[in-house]
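Read top to bottom, the protein sequences are chains A and B.
So that you can map any letter, position 19 of the first sequence is 19 in my numbering, and since no number is skipped, the others follow by simple counting.
So that you can map any letter, position 5 of the second sequence is 5 in my numbering, and since no number is skipped, the others follow by simple counting.
These aren't lab readings, by the way, just hints derived from the structure by calculation.
Treat the hints with care, as some may be off.
Claimed, not checked - For lysine to aspartate or glutamate, the following EDC-like pairs were computed, each having C-alpha atoms within a straight-line distance of at most 20 angstroms:
#: 1; chain 1: A; residue 1: Lys197; chain 2: A; residue 2: Glu147
#: 2; chain 1: A; residue 1: Lys69; chain 2: A; residue 2: Asp96
#: 3; chain 1: A; residue 1: Lys221; chain 2: B; residue 2: Glu254
#: 4; chain 1: A; residue 1: Lys153; chain 2: B; residue 2: Glu302
#: 5; chain 1: A; residue 1: Lys165; chain 2: B; residue 2: Asp238
#: 6; chain 1: B; residue 1: Lys261; chain 2: A; residue 2: Glu107
#: 7; chain 1: B; residue 1: Lys231; chain 2: A; residue 2: Asp8
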Amino acid sequence: MKLLLIEDEKALATSIQNYFQRENFICEWAPDYETGIEKINIYRYDCVLIDIMLPDGDGLDAVRELKRKFPETGIIIISAKNALDDRITGLNLGSDDYLTKPFHLSELNARVQAVIRRRNFQGNQQITFGRIIIDPQEHSVNVDKQEVILTRKEYDLLVYLIANKNRVLTKESIAEHLWGDDADLMDNFDFIYTHIKNLRKKLMDKGAPDYLKSIYGVGYKFSEL
Amino acid sequence: MKLLARILRYQIMTSLLVLFLGAGLFFVSVRYLIDDEINKELLNSQIKVSWQLRNIDTLPVYILQLGDSLQLDAVRYPLRPVLREKMLYSKAVNKFYPYRQLIFYEQVEGQWYKVTISKLLIQRQQLMNAVVMTVTFIVALLLISLLVLNNVLSGRIWRPFNKTLAALDRYQLEQHEVLSFPQEETEEFEKLNQSVTQLTERLATTYQNLKEFTENAAHEIQTPLAVILSKIEGLFQDETLSESQLIALSEISEAANRLSKLNQALLLLTKIENRQFLAGTEPVNLSPIINRKLRDLEDLIEQRQISIKTELQPTGPVMHPALAEILVNNLLTNAIRHNLQNGSILIVLSDGRLEVRNTGNAISGNPEQLFERFRKDSTQSASLGLGLALAKTICQVNGQSLSYSIENEWHVLTVTWQ
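Next comes chain A alone, as it looks inside the complex (with noise of 0.2 angstroms):
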């Protein structure tokens, strides 16, 4: 998977990059307007993450480019802005997706990998991750065959820890990818414990074996034994 980061914050564009080669993605980082564009129309990305706020130029226009030259390019505006006109704009332009920052690495892993899963109508689009498959459209999660029946939210939980496995999750971005801005609801993050604890449970009901490990103090870590 290859990956075109056009971010005028370094630091930031560092980290995103690091996180992405874990996942084995090439993430090349285009630190202005001008390369942006310039790597848009040379190279070909499956996913293109933009940040609509650059130095030299507006980031609604590489979507604007992007969308006419390359229609089938995945794209997640990053911004710091969180004018809900400026999301609607954005969306409307053909963007995938809207992440405001600042944001989790790991929730910008889940959206971006949505993003490819979605955009790869040809290929498969299950999930798999060792005896579990998950089928995103029909929303439907088996294991060794045997359909597990969960919840909304468990469903939700499942495929973000999939889509980050062998990462430490934090319960903070556990909490925001589930209840988004209602996060701060959870007044403790027992409610997190409780879903985890359920999903688990099924999984295991089901014969998969305990891929779920909890990281003391800290959160949880999916990963195959």
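Chain A is already provided as a structure; the job is to place chain B on it using the hints.
Structure of chain B alone, referenced to chain A:
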């Protein structure tokens, strides 16, 4: 006390003083003139009486005017002549009347006579009465006209002043409003209006600048925060970290996350106050928003076993759809957060009114403080304490009103609109 009433008080006091002094002076001078005149007449009469007594030997009754009297008494020796005022009894009307008397002595054929000429002063009395009455009448007239003038003045001349005052009373800084007034004829009021206009202009500009600064500052903070959070997340993946290091890192991460949320909430609050979310023209139907939100929050509701009852009509206020979402969200999450285990929530949406009731613990302190920023019932809470402040601000900028009340065990938050 009204300015006009104050002025009127002094006006009345001064005019009364002047009038009474004037009346006194008038009284004295008129009286002096009359007395002088009568004295002259008396002295005239004296000359005539003396002449007649010396030359004719008969009593000169005819030379005295009606109402006057002449009396002759024989005396042994003369005294000094006297001019005096005296009350004399009139048998005819059974009353005392004032008289002016001239007493002098005249010798006729070796015999001294005391001659008394008395002149009735009844005309002088009438004149004085007339003077007093006229003065009283003038005073009364003056007072009445002052009062009438005062009323007319307060009604007409002071109208621009009262208008300016009313405009200032209604003035709200958050409206970014500049007060302007029509041209006034009165110079002072025109100056006042100009000053008020300039003041409100400066206020609006300063307020706007401050808001923009806040927004820009909050905005600029987002990028460094994004860097911090991304670096922390990268560090978490480092498997060489010890448990205590991971825990410290996790605490840093939590604090940075919280800072970021606070910043976002403040940014949103500022943006709403800056009116960056303008209401459309169509009312936003709150009913689907409420249902969707309840679905989003269902696991939370289930966990605390809160029973929800809704009575929703498809209606809502005219506002930016995004603000409607935030408003509903904050009201519902507030009702859940402050609810009891096994509590209940009742949501009623009808024309011009959204009511969210929830069971909950009693609130200590002033209910109005609920809407203050960073107001929390406990410091342990993960809440930012900005939820209801946001809801209140949204209502304020859109012309809805948000109020809180307690009815028995229910906490009720009500949004009303036209």
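Each hint, compared with the structure:
1. Between A/Lys197 and A/Glu147, the direct Cα distance comes to roughly 18 angstroms. Compliance with the 20 angstroms bound is thereby established for this hinted pair.
2. Taking the CA atoms of A/Lys69 and A/Asp96, the gap is near 16 angstroms; set against the 20 angstroms cutoff, the hint holds.
3. Our distance criterion of 20 angstroms between C-alpha atoms is met by A/Lys221 and B/Glu254, whose separation comes to about 18 angstroms.
4. For the given pair, A/Lys153 sits about 13 angstroms from B/Glu302 by alpha-carbon distance, which is consistent with the 20 angstroms threshold.
5. Among the hinted pairs, A/Lys165 with B/Asp238 is consistent with the structure: their alpha-carbon atoms are about 14 angstroms apart, no more than 20 angstroms.
6. Of the supplied pair hints, the one linking B/Lys261 and A/Glu107 holds, its CA atoms being roughly 16 angstroms apart against a limit of 20 angstroms.
7. Under the criterion of a C-alpha separation no larger than 20 angstroms, the hint pairing B/Lys231 with A/Asp8 is consistent with the structure, at around 16 angstroms.
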